[in-house]
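A.B. asks: Per full-length UniProt numbering, the sequence shown starts with residue 1, numbered consecutively.
It is possible that part of the hints are untrue.
[Stated by the list, open to error] With a straight-line cut-off of 27 angstroms between C-alpha atoms, the simulated DSSO-like cross-links for lysine-lysine are:
no., residue 1, residue 2
1, 3, 13
2, 13, 23
3, 115, 23
4, 115, 13
5, 115, 76
6, 23, 68
7, 115, 68
[Stated by the list, open to error] Label-pair restraints from in silico Cβ distances:
no., residue 1, residue 2, range
8, 121, 20, 17 to 23 angstroms
9, 9, 77, 42 to 48 angstroms
10, 84, 39, 21 to 27 angstroms
11, 75, 2, 52 to 58 angstroms
12, 121, 11, 19 to 25 angstroms
13, 121, 52, 23 to 29 angstroms
14, 21, 77, 33 to 39 angstroms
15, 26, 76, 33 to 39 angstroms
16, 13, 44, 23 to 29 angstroms
17, 5, 96, 48 to 54 angstroms
18, 54, 19, 23 to 29 angstroms
19, 41, 19, 22 to 28 angstroms
Everything labelled a hint here was simulated from the structure, so no lab data went into it. All values derive from a computational prediction rather than experimental measurement. Even for Gly, the Cβ is constructed at its ideal location relative to N, Cα and C.
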Amino acid sequence: MNKKERTEQLNMKIGAYVATETKTIWVDEHTMQIATIMIDAYGDTVYVWAEDHGDYWRITDGGRILFKLDPKAEDKELNETAQDIAYGSGYEFDPEHYEIYVDVAQENVAQVIMKLAQLEVAISYLG
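Please model the complete structure; the sequences and the hints are all you need to start from.
C.D. replies: Right under this line is the structure:
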């Protein structure tokens with residue numbers, strides 16, 4: 001087996017592993033909860049929610065990561081830093097609910113879910 005074939009085989013195995021280890025459930029008629037393969041700074045599984053809005057999907061952390069870091073939302077510097085990181089990464093930030101989210105087309109849902117999970121991991125280390 002040459003290097004190209006070995007690389008392709010490894011990529012397939014990585015994809016299969018991610019697919020097997022990622023757990024998705026429908027929490028209501030329009031919303032999926034995704035338990036990703038990512039682990040945050042606290043050793044917890046990183047969750048992402050995907051909400052079907054018909055002509056677009058909202059991918060969100062549901063405010064979970066900042067709630068975990070600062071449940072009473074008292075650390076303004078932490079929340080401002082997280083907001084800057086979210087905006088800098090191409091996501092939106094709801095300052096009322098401390099939620100990180102983005103609206104995307106159906107074809108971008110999987111990619112954006114994984115990128116948001118990575119962003120949550122990074123933000124978790126701010127705490």
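A.B. asks: Compare the structure with each hint and give your call.
C.D. replies: Comparing the hints with the structure gives:
1. 3 x 13: Holds: residue 3 and residue 13 sit about 15 angstroms apart, inside 27 angstroms.
2. 13 x 23: Roughly 17 angstroms separates the two Cα atoms, so the pair holds.
3. 115 x 23: holds, 16 angstroms
4. 115 x 13: Judged against 27 angstroms, a Cα distance of about 20 angstroms means the pair holds.
5. 115 x 76: Distance ~25 angstroms between residue 115 and residue 76 Cα, so the pair holds.
6. 23 x 68: Judged against 27 angstroms, a Cα distance of about 21 angstroms means the pair holds.
7. 115 x 68: holds, 19 angstroms
8. 121 x 20: 17 to 23 angstroms: Since the Cβ atoms of residue 121 and residue 20 sit about 20 angstroms apart, the hinted range of 17 to 23 angstroms holds.
9. 9 x 77: 42 to 48 angstroms: holds, 47 angstroms
10. 84 x 39: 21 to 27 angstroms: holds, 24 angstroms
11. 75 x 2: 52 to 58 angstroms: With Cβ atoms ~53 angstroms apart, the hint holds.
12. 121 x 11: 19 to 25 angstroms: Holds, at about 22 angstroms.
13. 121 x 52: 23 to 29 angstroms: holds, 25 angstroms
14. 21 x 77: 33 to 39 angstroms: Holds: the Cβ-Cβ distance is about 35 angstroms, inside 33 to 39 angstroms.
15. 26 x 76: 33 to 39 angstroms: holds, 36 angstroms
16. 13 x 44: 23 to 29 angstroms: Holds - the Cβ-Cβ distance for residue 13 and residue 44, about 26 angstroms, lies within 23 to 29 angstroms.
17. 5 x 96: 48 to 54 angstroms: holds, 52 angstroms
18. 54 x 19: 23 to 29 angstroms: holds, 26 angstroms
19. 41 x 19: 22 to 28 angstroms: Since the Cβ atoms of residue 41 and residue 19 sit about 25 angstroms apart, the hinted range of 22 to 28 angstroms holds.
The structure is consistent with each of the numbered hints, conforming to all of them.
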